[in-house]
Amino acid sequence: MSFNIVVLAKQVPDTRNVGKDAMKADGTVNRAALPAIYNPEDLNALEQALRLKSQIEGATVHVLTMGPARAAEIIRESMYRGADGGYLLSGREFAGSDTLATSYALACAIRKIEKVDIILCGRQAIDGDTAQVGPQVAEKLGLPQITYAEEIIDLKNNVITVKRRLERGVEVVKGALPMVVTVNGSAAPCRPRHAKLTMKYKHAATPTEKQESGSDYTDLYDTHPYLNIDEWGVNDIEHDIQWLGLSGSPTKVKQIESVVFTAKESKRLTPANNEIEDLMKELIANHTIG
Amino acid sequence: MNYYSNNPALKFQLSHPLMQKIVALKEQNFADKDKYDYAARDFEDAIDNYEKVLEIIGEICGDIIAPNAEDVDHEGPRVENNRVIYARGTQENHEALAQAGLYGMSLPRQYGGLNFPMIPYVMSGELVSRADAGFANIWGLQDCAETIAEFADEDVKEEFLPRVCDGQTCSMDLTEPDAGSDLQAVQLKATYNEADKTWYLNGVKRFITNGDAQIKLVLARSEEGTSDGRGLSYFVADNKHDNTVKVRRIENKLGIKGSPTCELVFTNTPAKLVGVRRMGLIKYVMSLMNGARLGVGAQSVGVSQSAYDEAVAYARERQQFGKPIIEFPAVSEMISLMKAKLDASRTLLYETTRFVDVYKAYEAIDATRKLTPEEKADYKEFQKLADAFTPQLKMFASEFANQNAYDAIQVHGGSGFMKDYACERIYRDARILTIYEGTSQLQTVAAIRHVMTGTYLKQIKHYETLPINPEFDSIRKRLVTMTNLLEHSVERVAEAKSQEYIDFHARRLVEMAGHIIMSYLLIIDASRDTEDLFRKSAFIYSKYAEVEVRKHATFIKTFDAENVDIYKVK
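Quick note, the sequences are listed as chains A and B, same order.
Terminal number for the first sequence in the working numbering: 1072, no gaps in between.
Terminal number for the second sequence in the working numbering: 554, no gaps in between.
For the record, the hints were derived by calculation from the structure and aren't laboratory data.
Heads up, a few of these hints could be off.
Restricting the straight-line Cα-Cα distance to at most 25 Å, the calculated cross-link-like pairs of lysine-lysine (DSS-like) are [as the list claims (entries may be wrong)]:
id, chain 1, residue 1, chain 2, residue 2
1, B, Lys19, A, Lys984
2, B, Lys230, B, Lys173
3, A, Lys992, B, Lys17
4, B, Lys267, B, Lys403
5, A, Lys984, B, Lys36
6, B, Lys481, B, Lys442
7, B, Lys(-5), B, Lys19
8, B, Lys360, A, Lys982
9, A, Lys982, B, Lys17
10, B, Lys(-5), A, Lys982
11, B, Lys442, B, Lys541
One-sided excerpt, in silico: chain A residues whose CB lies under 10 Å from chain B [stated by the list, open to error]:
id, residue
12, Ile895
13, Arg973
14, Pro974
15, His976
16, Ala977
17, Lys978
18, Thr980
19, Met981
20, Lys982
21, Tyr983
22, Tyr999
23, Leu1002
24, Tyr1003
25, Thr1005
26, His1006
27, Tyr1008
None of the values given here were measured: they were computed from a predicted structure.
Don't be surprised by glycine CBs; every beta carbon is placed ideally from N, CA and C.
Starting from the given sequences, assemble the full structure and let the hints guide the process.
What follows is the structure, encoded as structure tokens:
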């Protein structure tokens, strides 16, 4: 029996260690000045996916990412850690998408994938911190969702048991597959890249990348089909153009403000271990530390 | 932080011209590429593989091992029910490296290894040691698998090597209470049982690093009635943790506290012979020790780097008299010299490793087909260079690591004496480096014959002919003068026609050769490098070397051979 896991992942500018040129004069993120990284909570989601894969015979993990050609790096990074492959959704029609248009495009792409049993994604991306895309994808696909997942405890007879990390504690819930699960940063960190998988998959490329690189290894892609990363443009998915890209994005930036804290934020804790632990979790989750 | 990507000196060493030869020997026309999906397809692909894997290691070092180092130092391992329990961080470090499929880097692919040359493997040792010198021992003990791969029978290889690649750890069980530097005195007994065709080990081992490992290489007396090295054989034991190997205690050490140093009791431990009987000490341990010395060289360079990192960071941050202390000449000179010693020991490390790589690759080929006469000559040449350079490296890199650790504390001032900064741990960790796997004094014994027979001199003359940038001409001129001083000193010592007199001056002569070699390597590196990584160190080190060489030359020149007795203590 096949069991298909899809992980939604995003390539983001590394906003955790920002220098003084991290923002442009107009208040938007200066993507050129920041290194592009795998969105941290998407890595937590990938780890949960890889754990499921190791428990379920015949399970596969594929990563879906939307972004420019270089976002294929996210798919390779996933393969280095154990994913079977992935799909890059790319094209200028998708440019300027807000969360609504992004989730629409992702939902269209997921419909193209045969029999998806579970969709995992990070709670939110560090460049926008909206936490909207995962839930919106679930809504658009008509699937149930479990958010803030910290650990998938069990999966039996198509019923999943998940521990959720909430503001004031944890909650264990069950739900029937297929569904969308968004994973919290407090979940287990992702395993490191594997040496042999890295060497095996490092030549994996999308058609665009193959064209641009003028690689010496052209025959490699015929003899090693797993090195071909699927790349989908707007014409590869069933869609309504008005819901894509800028035209599908109702979000308008009204004003951007550079906020300088004048007073130090303070929080009163009681001298209890769990309060300290919650604070640590919170600081790690919002990337203040760690 | 990625410890590989943030150190361009390593990438530079991967681009050395000799890498072409090393990769060609190691990959044999890239014959593995159709058999293993991760095998390199050509030279560039191979170098890229090394880099990609070193990036994984560098990331684990920066993100996991280094942050764990302080806790591991405080917590340390403990013994429970005759078993070693690692510190929490040690366990986490090991699991991360194992999970990333990194163990068995240098083993052939048929056993699950990555088939990497020594160069990237030694780099991994440097990286891990920079993150935590104590943990570098547990990582570095995969050297044991190298010995199995080289000398054991096929069934032993098939039994043990894949397990090393899966992350089972190794130990090298040589030392006993009465057999330290003098391993000929080993007493642990190996008895062959005809009935089940198995060897059984009985006795005690002491100071065994990671002694509770699953895979143990044990030196034991297999020949009853013998008392010297020729009665010793080499065994591999599968430690099933069934109390046939008990950990009696672990040592409480000055440094490298995360690395458990065990006293072991063997009671009828089943074992398999590695290679041929009676060759244990004479051949296999000697080979293992050379590998281990290279490992300590890498570990020392890692420690030098971390000492330098701590010193320079503190000196930039610490303000006194209204400015960062790094701006004071007394501090910046100290830091520049630390960097020069670091760069000098690193270039010696990778030069030595390349020699080892070439001869080991020939050795591996020799096992599958007869070498041509040209290949055989080349093999012998590189083996000789490796033999000559390994003790130089072990001695200098470990001594410099200690000097740098000492200076790192000095840069920190009073704060460095407190337990609050990493430099105090680095200082304690460094101290073992000049001692284990052969003290500096024993390295001198191994190196002095290469001074007297001219191995170093020949190589120095070769370096003299290599192309360099004109800006280093004046350094080379001074190095030629220093080489003359070395030659005169050797002649003068040889004139006495006394082994005792040679032994007396051995350290001085070995050091003179080493300083000249490292100075040459730095100007050669600085000439090949386009990023200005080594120019400063080339100037600073050769200046330092010149004074050291002249100091020793003066000592030897003005010394009256009859005065040796003054130094004798009864």
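Each hint tested on the structure:
{"no.": "1", "hint": "B:Lys19 <-> A:Lys984", "result": "holds, 17 Å"}
{"no.": "2", "hint": "B:Lys230 <-> B:Lys173", "result": "holds, 16 Å"}
{"no.": "3", "hint": "A:Lys992 <-> B:Lys17", "result": "holds, 21 Å"}
{"no.": "4", "hint": "B:Lys267 <-> B:Lys403", "result": "violated, 44 Å"}
{"no.": "5", "hint": "A:Lys984 <-> B:Lys36", "result": "holds, 9 Å"}
{"no.": "6", "hint": "B:Lys481 <-> B:Lys442", "result": "holds, 22 Å"}
{"no.": "7", "hint": "B:Lys(-5) <-> B:Lys19", "result": "violated, 28 Å"}
{"no.": "8", "hint": "B:Lys360 <-> A:Lys982", "result": "violated, 35 Å"}
{"no.": "9", "hint": "A:Lys982 <-> B:Lys17", "result": "holds, 11 Å"}
{"no.": "10", "hint": "B:Lys(-5) <-> A:Lys982", "result": "holds, 21 Å"}
{"no.": "11", "hint": "B:Lys442 <-> B:Lys541", "result": "holds, 23 Å"}
{"no.": "12", "hint": "Ile895", "result": "violated, 25 Å"}
{"no.": "13", "hint": "Arg973", "result": "holds, 6 Å"}
{"no.": "14", "hint": "Pro974", "result": "holds, 4 Å"}
{"no.": "15", "hint": "His976", "result": "holds, 5 Å"}
{"no.": "16", "hint": "Ala977", "result": "holds, 4 Å"}
{"no.": "17", "hint": "Lys978", "result": "holds, 4 Å"}
{"no.": "18", "hint": "Thr980", "result": "holds, 5 Å"}
{"no.": "19", "hint": "Met981", "result": "holds, 4 Å"}
{"no.": "20", "hint": "Lys982", "result": "holds, 5 Å"}
{"no.": "21", "hint": "Tyr983", "result": "holds, 9 Å"}
{"no.": "22", "hint": "Tyr999", "result": "holds, 7 Å"}
{"no.": "23", "hint": "Leu1002", "result": "holds, 8 Å"}
{"no.": "24", "hint": "Tyr1003", "result": "violated, 13 Å"}
{"no.": "25", "hint": "Thr1005", "result": "holds, 9 Å"}
{"no.": "26", "hint": "His1006", "result": "holds, 7 Å"}
{"no.": "27", "hint": "Tyr1008", "result": "holds, 9 Å"}
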